[in-house]
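Protein chains: 2
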Amino acid sequence: MAVYTQVSDAALAEFLSAYDLGAALAFKGIAEGVENSNYYLETELGQFFLTLFEKRVNAAELPYFIGLKQHLAGKGFPCPEPVMGRDGQALRTLEGRPAVIVSFLEGLSPKRPNVRQCRALGENLARMHLALADFPMTRENSLGPKSWAALWAGRADDADALQPGLSGTVEAAFAEILRARDSFAELPHGTIHADLFPDNAFFLGDDFCGAFDFYFACTDALAYDLAVCLNAWAFDDGHAADGSALEYNFSKGAALIAGYQSVRPLNAMERDALPVLCLGASMRFFLTRLVDWTSTPAGALVRPKNPLEYAARLAFHRRMESAEGYGA
Amino acid sequence: MAVYTQVSDAALAEFLSAYDLGAALAFKGIAEGVENSNYYLETELGQFFLTLFEKRVNAAELPYFIGLKQHLAGKGFPCPEPVMGRDGQALRTLEGRPAVIVSFLEGLSPKRPNVRQCRALGENLARMHLALADFPMTRENSLGPKSWAALWAGRADDADALQPGLSGTVEAAFAEILRARDSFAELPHGTIHADLFPDNAFFLGDDFCGAFDFYFACTDALAYDLAVCLNAWAFDDGHAADGSALEYNFSKGAALIAGYQSVRPLNAMERDALPVLCLGASMRFFLTRLVDWTSTPAGALVRPKNPLEYAARLAFHRRMESAEGYGA
Numbered sequence: 001m002a003v004y005t006q007v008s009d010a011a012l013a014e015f016l017s018a019y020d021l022g023a024a025l026a027f028k029g030i031a032e033g034v035e036n037s038n039y040y041l042e043t044e045l046g047q048f049f050l051t052l053f054e055k056r057v058n059a060a061e062l063p064y065f066i067g068l069k070q071h072l073a074g075k076g077f078p079c080p081e082p083v084m085g086r087d088g089q090a091l092r093t094l095e096g097r098p099a100v101i102v103s104f105l106e107g108l109s110p111k112r113p114n115v116r117q118c119r120a121l122g123e124n125l126a127r128m129h130l131a132l133a134d135f136p137m138t139r140e141n142s143l144g145p146k147s148w149a150a151l152w153a154g155r156a157d158d159a160d161a162l163q164p165g166l167s168g169t170v171e172a173a174f175a176e177i178l179r180a181r182d183s184f185a186e187l188p189h190g191t192i193h194a195d196l197f198p199d200n201a202f203f204l205g206d207d208f209c210g211a212f213d214f215y216f217a218c219t220d221a222l223a224y225d226l227a228v229c230l231n232a233w234a235f236d237d238g239h240a241a242d243g244s245a246l247e248y249n250f251s252k253g254a255a256l257i258a259g260y261q262s263v264r265p266l267n268a269m270e271r272d273a274l275p276v277l278c279l280g281a282s283m284r285f286f287l288t289r290l291v292d293w294t295s296t297p298a299g300a301l302v303r304p305k306n307p308l309e310y311a312a313r314l315a316f317h318r319r320m321e322s323a324e325g326y327g328a
Numbered sequence: 001m002a003v004y005t006q007v008s009d010a011a012l013a014e015f016l017s018a019y020d021l022g023a024a025l026a027f028k029g030i031a032e033g034v035e036n037s038n039y040y041l042e043t044e045l046g047q048f049f050l051t052l053f054e055k056r057v058n059a060a061e062l063p064y065f066i067g068l069k070q071h072l073a074g075k076g077f078p079c080p081e082p083v084m085g086r087d088g089q090a091l092r093t094l095e096g097r098p099a100v101i102v103s104f105l106e107g108l109s110p111k112r113p114n115v116r117q118c119r120a121l122g123e124n125l126a127r128m129h130l131a132l133a134d135f136p137m138t139r140e141n142s143l144g145p146k147s148w149a150a151l152w153a154g155r156a157d158d159a160d161a162l163q164p165g166l167s168g169t170v171e172a173a174f175a176e177i178l179r180a181r182d183s184f185a186e187l188p189h190g191t192i193h194a195d196l197f198p199d200n201a202f203f204l205g206d207d208f209c210g211a212f213d214f215y216f217a218c219t220d221a222l223a224y225d226l227a228v229c230l231n232a233w234a235f236d237d238g239h240a241a242d243g244s245a246l247e248y249n250f251s252k253g254a255a256l257i258a259g260y261q262s263v264r265p266l267n268a269m270e271r272d273a274l275p276v277l278c279l280g281a282s283m284r285f286f287l288t289r290l291v292d293w294t295s296t297p298a299g300a301l302v303r304p305k306n307p308l309e310y311a312a313r314l315a316f317h318r319r320m321e322s323a324e325g326y327g328a
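Heads up: the protein sequence lines correspond to chains A and B, in order.
For the first sequence, counting from 1, position 188 maps to 188 in this note's numbering; every step adds exactly one.
For the second sequence, counting from 1, position 236 maps to 236 in this note's numbering; every step adds exactly one.
It should be emphasised that the hints constitute simulated quantities derived from the structure, not laboratory data.
Glycine included, C-beta positions come from ideal geometry on N, C-alpha and C.
Take these hints with a grain of salt, some might be off.
[Claimed, not checked] In silico BS3-like links for lysine-lysine, alpha-carbon gap of 27 Å or less:
#1 A:55 to B:111
#2 B:28 to B:55
#3 B:28 to A:111
#4 B:305 to B:146
#5 B:111 to A:28
#6 B:111 to A:305
#7 A:111 to A:28
#8 A:111 to A:305
#9 A:28 to B:55
#10 B:55 to A:305
#11 A:55 to A:146
#12 B:111 to A:111
#13 B:146 to A:28
#14 B:305 to B:111
#15 B:55 to B:305
#16 A:55 to B:28
#17 B:305 to A:55
#18 A:146 to A:305
#19 A:28 to A:55
#20 B:146 to B:28
#21 A:111 to B:55
#22 B:28 to B:111
#23 A:55 to A:305
[As the list claims (entries may be wrong)] Quick list of simulated restraints, FRET-style, between CB atoms:
#24 B:8 to A:178: 37 to 43 Å
#25 A:111 to B:150: 38 to 44 Å
#26 B:18 to A:6: 32 to 38 Å
[Unchecked claim] From chain B, some residues computed to sit far from chain A (all C-beta separations above 12 Å):
#27 10
#28 38
#29 84
#30 91
#31 131
#32 135
#33 146
#34 147
#35 158
#36 178
#37 267
#38 292
#39 322
Hey, can you work out the whole structure from these sequences and the hints?
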């Protein structure tokens with residue numbers, strides 16, 4: 001939501017001299033991304049984005065994220081494609097930060113995705129999984145179940161303060177996921193986006209234009225990515241003041257799953273695991289939101305999102321017994 | 001430096017239906033402007049900017065600012081040109097805020113303007129004054145000498161805390177400006193930008209591409225606008241930790257004045273008034289920075305600029321006795 005590193009016109013000109021993009025014609029800080037500084041860049045050759053990676057990003061992981069986007073773009077999947085300098089490198093340094101130029105992606109993020117957009121998202125999630133099937137690099141899911149105990153430690157009281165009894169629900173859900181986890185290893189694995197929320201996807205009308213913000217991408221169960229998307233795309237805001245009155249929109253969820261299966265059908269094990277994968281996805285976002293909620297000082301640059309929106313999803317998924325309940 | 005009002009894709013589509021610009025192809029919040037929300041907007045017809053005016057802006061003044069830009073653009077002076085809807089109106093409402101679409105301006109703001117850019121800025125400042133000579137609307141300078149007593153009231157201790165003895169310098173400068181003020185009425189008046197800092201101007205290389213952010217524009221002495229620019233463009237950062245070690249760059253100042261005079265020569269009275277106009281301009285920015293500095297909470301969204309940078313200019317201008325000292 002902010003530009004953290006200022007780039008002078010002189011530093012930009014020096015940086016661009018390593019590329020064959022011509023001179024800069026426009027350069028504007030974009031109020032997007034909470035981890036990085038993002039700029040709209042127009043040069044004599046066209047429109048681009050320039051990202052500077054701030055200190056919270058692990059620089060050692062950047063080649064994975066850049067390689068992933070290069071691989072996807074090479075397969076024709078729409079995403080920001082890293083632009084190489086004349087030295088064949090996409091990653092270099094600007095104003096003391098790792099920096100990369102990527103291609104410009106047209107489109108708008110839907111605020112309230114409709115059923116047709118959910119179907120298109122499902123289709124393209126599956127296309128992305130297939131396009132990444134031969135991507136050779138791997139990255140552990142740093143926000144998988146192994147990380148949750150550390151996120152949850154000492155926060156039971158915070159959860160109960162948000163909603164009486166919430167800590168009990170969270171701990172029961174933990175137990176449920178841990179019981180199921182042994183079987184997860186047998187699910188088809190691959191490279192997943194792991195954070196494909198509507199604000200990380202572009203559409204023009206109902207047509208999918210691309211996915212971006214791959215900085216949580218990792219190697220995990222493919223159906224877990226579908227579970228993340230069901231959480232992010234198929235719940236309608238109930239307009240409660242605390243953000244908790246959410247409802248699963250069966251039409252949107254069913255369309256998302258049908259779109260996915262039209263490209264890559266789920267196997268029986270994935271179908272069986274869908275409710276607990278959805279529960280796990282809601283747990284992951286509940287926990288990171290709870291951490292942000294309780295650790296962000298008042299008046300900070302980025303306003304944290306309400307964890308109760310994911311507590312409501314968590315409660316919903318605990319009641320679900322089969323993939324049919326989601327419209328599969 | 002931030003986007004305050006979020007615009008949904010649905011609200012944007014509804015808003016654009018009042019224009020002949022086609023559908024939105026891209027829409028990105030821009031990390032620019034401290035008073036308003038600014039978006040980069042691309043439609044089927046081209047590139048634009050969309051501004052939403054936030055609550056600090058007086059909506060009654062918007063027709064003045066919009067009319068001013070329409071007038072300038074009509075004269076061929078490069079600035080963001082308000083785009084009319086099919087109803088002939090440029091100003092309408094989006095997400096509950098007054099909103100306007102303006103044309104896209106290419107260029108980059110120079111971080112450290114060079115002598116050639118200073119000359120071009122001077123030429124174009126004078127061109128802007130001439131283009132506005134028949135602009136019929138007027139607006140009082142809300143940050144002129146009449147406003148200063150209220151800005152200064154109760155802040156002498158803050159000034160002395162920043163730099164021992166500073167309050168005495170400020171009050172002596174006040175007295176000096178008030179003594180000279182009676183003669184200001186006889187200076188040529190017109191419509192001025194009043195805030196034409198390097199970050200409100202675009203260049204490609206040394207070529208001036210346009211001016212923007214006219215939200216301090218008002219009716220005042222034309223030479224005061226030149227004085228603002230001398231303060232903003234012709235001092236070099238001395239790299240002191242407190243930002244106070246600034247030096248007047250005679251080459252840049254002389255080039256700026258020469259550029260201005262190549263289009264609109266100063267009369268004798270304007271030349272005589274130049275030092276005290278420069279003193280007044282440094283006072284105006286010192287005072288508003290002092291207010292922001294002392295009233296902005298730590299950790300706020302916008303980090304205030306150091307008032308001492310303008311205290312240093314103020315001290316410089318008090319020592320100047322004639323326009324020759326500036327290179328005129």
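**Asked** Out of the numbered hints, which ones does the structure contradict?
**Response** Violated hints: 6, 12, 13, 20, 27, 28; rest satisfied.
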